[in-house]
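Undergrad: Chains as they are written, first to last, in this note's numbering: chain X, 1 to 110; chain S, 1 to 115.
These are calculated hints, taken from the structure and not from any lab test. Among the hints, a few may not be true.
If you want the footprint, here are the derived chain S segments under chain X, 3+ residues with CB under 8 Å [as the list claims (entries may be wrong)]: (1) 9-20; (2) 42-55; (3) 86-96.
Sample of chain X residues with no beta-carbon within 10 Å of chain S, all distances over it, derived [as the list claims (entries may be wrong)]: (4) M10; (5) A12; (6) T13; (7) M80; (8) L87; (9) T99; (10) G101.
Even for Gly, the Cβ is constructed at its ideal location relative to N, Cα and C.
The primary structure of each chain is shown beneath.
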Amino acid sequence: GQNIDQPTEMTATEGAIVQINCTYQTSGFNGLFWYQQHAGEAPTFLSYNVLDGLEEKGRFSSFLSRSKGYSYLLLKELQMKDSASYLCAVRVSGYSTLTFGKGTMLLVSP
Amino acid sequence: DVKVTQSSRYLVKRTGEKVFLECVQDMDHENMFWYRQDPGLGLRLIYFSYDVKMKEKGDIPEGYSVSREKKERFSLILESASTNQTSMYLCASSFERGTNTGELFFGEGSRLTVL
Numbered sequence: 001g002q003n004i005d006q007p008t009e010m011t012a013t014e015g016a017i018v019q020i021n022c023t024y025q026t027s028g029f030n031g032l033f034w035y036q037q038h039a040g041e042a043p044t045f046l047s048y049n050v051l052d053g054l055e056e057k058g059r060f061s062s063f064l065s066r067s068k069g070y071s072y073l074l075l076k077e078l079q080m081k082d083s084a085s086y087l088c089a090v091r092v093s094g095y096s097t098l099t100f101g102k103g104t105m106l107l108v109s110p
Numbered sequence: 001d002v003k004v005t006q007s008s009r010y011l012v013k014r015t016g017e018k019v020f021l022e023c024v025q026d027m028d029h030e031n032m033f034w035y036r037q038d039p040g041l042g043l044r045l046i047y048f049s050y051d052v053k054m055k056e057k058g059d060i061p062e063g064y065s066v067s068r069e070k071k072e073r074f075s076l077i078l079e080s081a082s083t084n085q086t087s088m089y090l091c092a093s094s095f096e097r098g099t100n101t102g103e104l105f106f107g108e109g110s111r112l113t114v115l
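Produce the complete structure using the sequences and hints provided.
TA: Here is the structure:
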């Protein structure tokens, strides 16, 4: 099976930068996903990494190191609307399913 | 835009009742999934399907069954609801062709309370 760890909660200030880490142990790694989920809403796709390195998409970036089993999501210029849960998920080769971490609740304060 | 629609946002059922949760997607996706989401436990996979009439068990299939008679529709069935099945149920779909990422598209969720 897979084991995915991410911090339970984080707090940050509006305008700041925050990094949410995710570590995983799996065999046959075939991609890592980050999702954002606001309270009471469906998760929405943020980013995908399958090769080592940084993927940038506006204020959000995601990094992957396959050798270390490590990823992070970087959020810049934080806004109040970024307060949400951030879910790290891993896909294994040969499967379309994703295994999710328990999520990191980010609270952005003024 | 991909649309995944779950039939009910909120349901309240009694212990022992049979419960149907319906999910429809409008983008001709091959893959469909049912997850449940609980505080402190995250999203856990119940069942998934790669094609019509095909189903595979996920990590927590006990107490559930599924049906996929048409490509666009994937139903989750609780044969005899129990209080420990009180949860948020999320349906998702995906496809894998060419260079797409295969990300999951989620419905709004169905919050089920079993009394």
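Undergrad: Going back to the hint list, which numbers does this structure go against?
TA: 1, 8, 9, 10
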